[in-house]
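S.K.: Residue strings, one per chain:
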Amino acid sequence: MGSDTIARWQFGITTVYHYFFVPVTIALSLLVAVLQTQWYRTGSDRYLRLTKFYGKLFLINFAMGVVTGIVQEFQFGMNWSEYSRFVGDIFGAPLALEALVAFFLESTFLGLWIFGWDKLSRGKHLAMIWLAAIGTLISSIFIIAANSWMQNPVGAIYNNGRAELVDFGAVLTNPIFLTQWPHAVIGAFMVAGGFIAGVAGWHMAKLAKQDKPVAEDVSAFRTATKFGAIVMLVAGLLIILSGDLLGKQMTRVQPMKMAAAEALYSTETNASFSIFTIGSLDGSKEIFSVRVPGVLSILAGESTVKGINEIKADYAKNGFTQGDGKQEVLQQQFASKLSALGVDPTPNIPVSYWAFRIMMGLGFLTMIVGAWMLWVTRKGAMPKPGKLWTTMMWILPLAPLFANSFGWIFTEMGRQPWIVAGVLPTSFAVSPTVSVADVWITMILYTLLYGTLAVVELGLMFKFIKKGLPDVAPVEQIVDEDAPLSFAY
Amino acid sequence: MTLLDVTPTTLQALWLILVAVLWIGYLVLEGFDYGVAMLLPFVGKNDKERRVLVNTIGPVWDGNEVWLLTAGGAMFAAFSGWYATLFSALYLPLFLILVGLILRGVAFEYRGKRADWAWRNRWDWAAAIGSLLPPLVFGVGFANFLLGLPLKNVTILAGATTVPVFDGDKLWAGPLFGLFSLYGLIGGITFVLVFLTHGAIYASLKTKGEISGRLKKLAVKLGLITAIPAVVFVIWGNLLPKLPGQLDSLRTVAWIAGLLGLVLFVGAIYFIWKGREGIAFILTGTTIAMVAVMIFAQLFPGLGFNNTGLKVMLDITTASSSPTTLTLMTVAACIFVPIVLLYQIWAYTVFRRRLGVENIPDEVDEPVVVGG
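These protein sequence lines map, in sequence, to chains Z and V.
The numbering of the first sequence is my numbering, which starts it at 1 and goes up by one.
The numbering of the second sequence is my numbering, which starts it at 1001 and goes up by one.
Please note that a few of the clues may not be correct.
Unchecked claim - Computed cross-link-like contacts, DSS-like style, restricted to lysine-lysine with a CA-CA straight-line distance of at most 27 Å:
#	chain 1	residue 1	chain 2	residue 2
1	Z	466	Z	206
2	Z	337	V	1311
3	Z	119	V	1048
Don't read these hints as lab results, they were simulated from the structure.
Taking the hints into account, I'd like the entire structure generated from these sequences.
M.R.: Right under this line is the structure:
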């Protein structure tokens, strides 16, 4: 295996792993803030208990998100030094701003939220979780602006042997960013909504088995079920919309990615969308497929969708061009260098094809389960405990979580062979001084460490999910210096 | 081509200073939470005592660590050539730092989640080891920057571009043991011990009762032990041969900062011995800042690399980002660094109260709440 292949595997593994924790961090922080706001406004114990219950699960998740996130910032320089050197003038700024503007906000105010229950007034304490949640959102803005630039390198020129920033406004108004950011954030809300609903639904089934379940517990979990499921369903509807907008932009700037998503080899007018294909995806053989006529053209927003073969021929003749034949300034200025590198512009088709379908399939599945759950628990009804219900409660958080993973796998694998679309090929971006052995060593140790931590994290999650809603007893802000704190690690 | 083929611009000089400021913020702040965590299994005799220690840093450690992320991000944004060459040069050492940061972060958050001594003790050791690795590796690293890491030129993009990268073969083929020369090791030991002292003083400042007194005595002992390698690190570091392009004026600054740091450190030992932990803490903090100034003064212009014999060099001008990016980042830093400082200071005042074992609630799981 070449050093770029193993470095890609490492980036893939550590990033997909990191992204197991990111959606919950982004969206659950905000949803917990909403629950706490409800408590602040109504004074109802129900919302306080829900705030604390989901707040604790959020924090167990958050710790993992933080520590695996540090790896992300370091590994650009460690494994991808020539990428970092080439794009640092543009890509470094959002990363630095993310730390300066978002991470400080997130970490400082979350510390104040966790430990500040008996030190701050109710209003101030509520502001802490909102500021932390806003921090996570700002963080997502910067990192997705950075990623979108890799998909569509706007606002840059080729100068001094590297990409240089000329227009930061263009980076922040990149059409890919404007569609990808909402898509990713809404995806996070599907996960967090599904998580809240799934956990609450599991508890409802547990309560349904009891002879005399505590009425407060039932009503609290019913609230959470509804809240989570509705958030998830609204997010689900919005994600279709944002995905549609993103797909059209993607087709425009990265036509090859859309062709790979459908494994469309020959250009088609009124292109059909295959839900399922058996056969070889290299276009040579198709045994069986289920097709919906015209749908791919709708997704792409163009009646004629270019096929892989035609895009490849275009590339051989004109270099990298977008769907409308145009190039960004950076792509245009780098084109002569690029032609000397001899790159095959085709991504891995089976991965792109299936990741795209799994993403959508899991998303739709989540929405169906969520709607069904609302139906079953309507008008005060209790769910029927059993294997079916439990399975559905597992699907609610996990299906959208994996949909997020596959969405990113599609976005990043579909961008290949480019690390910066149409400019820098991934294989030329790897660190020349880091040996294959070095990467293997860290790969094995990351795997062991991440594997162990996953077991620990899941163990704690289950422990605190099972424990259920905490009892709360209001106490005053503590003034006595020797009195026990109301909360301490 | 020679080093500093072009004169560094004001923006480039400013950003080297700003990167230094961010590193100082990291070393001074996270320095004490490294120290407290390293002491955790040794000073905390029982669970309550350990929880006292954990809670002195619990609300603030994560915010302290962001100074490191910001420093790294600033190097990426302002000196991408430096970030690229340095981070790929120190591949395995940086990996050790990451492992440390992962272990300690999870340890703080998870130790209290089970009421089980074996579980907690294990996490306390993870916190201690995870807090030992970063200062140890950074200490070795900074010492090597003063020695000057060797570079070579390689061509990339099928010969289109030549870049300066780390020459590991040259380093390991030298008379010293690669990164682990005697001076490198002294750097590592000095960083670890300084942070231990800094952490012990911080913990004594944030605690009350018997444990605070014990920490003061320990801080005096640690301070005296630390003084020996610290003196060697500072003096040797200033006597090292001049790297290509280094300025005499900045070498003088390094001397002054280093010696001032040592004097402040002696002051810190004196004041903690006298039981004045507040002043002692300010003094260890400024000691760390001074040593960082000493190091960064010597990073001009080669950024800790030895450019001897290179065609394409790595220095503050060649590694730097474009004026557009530097201007953008300057505006952002001028707005946000003061805001961050304000709210972090406020966070410290919210948690200003000293903690004793009597403040630690029996049950860790469930906060009962809430004030009004």
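S.K.: Take the hints in turn and mark each one as holding or not.
M.R.: Verification of the hints:
1. Taken as a hint, the residue 466(Z) and residue 206(Z) pair is honoured in the structure, with Cα atoms around 10 Å apart against an allowance of 27 Å.
2. A hinted pair counts as satisfied when its Cα atoms are at most 27 Å apart, and residue 337(Z) with residue 1311(V) qualifies at roughly 22 Å.
3. A C-alpha spacing of about 21 Å is found between residue 119(Z) and residue 1048(V), which places the hinted pair at or below 27 Å, so the restraint holds.
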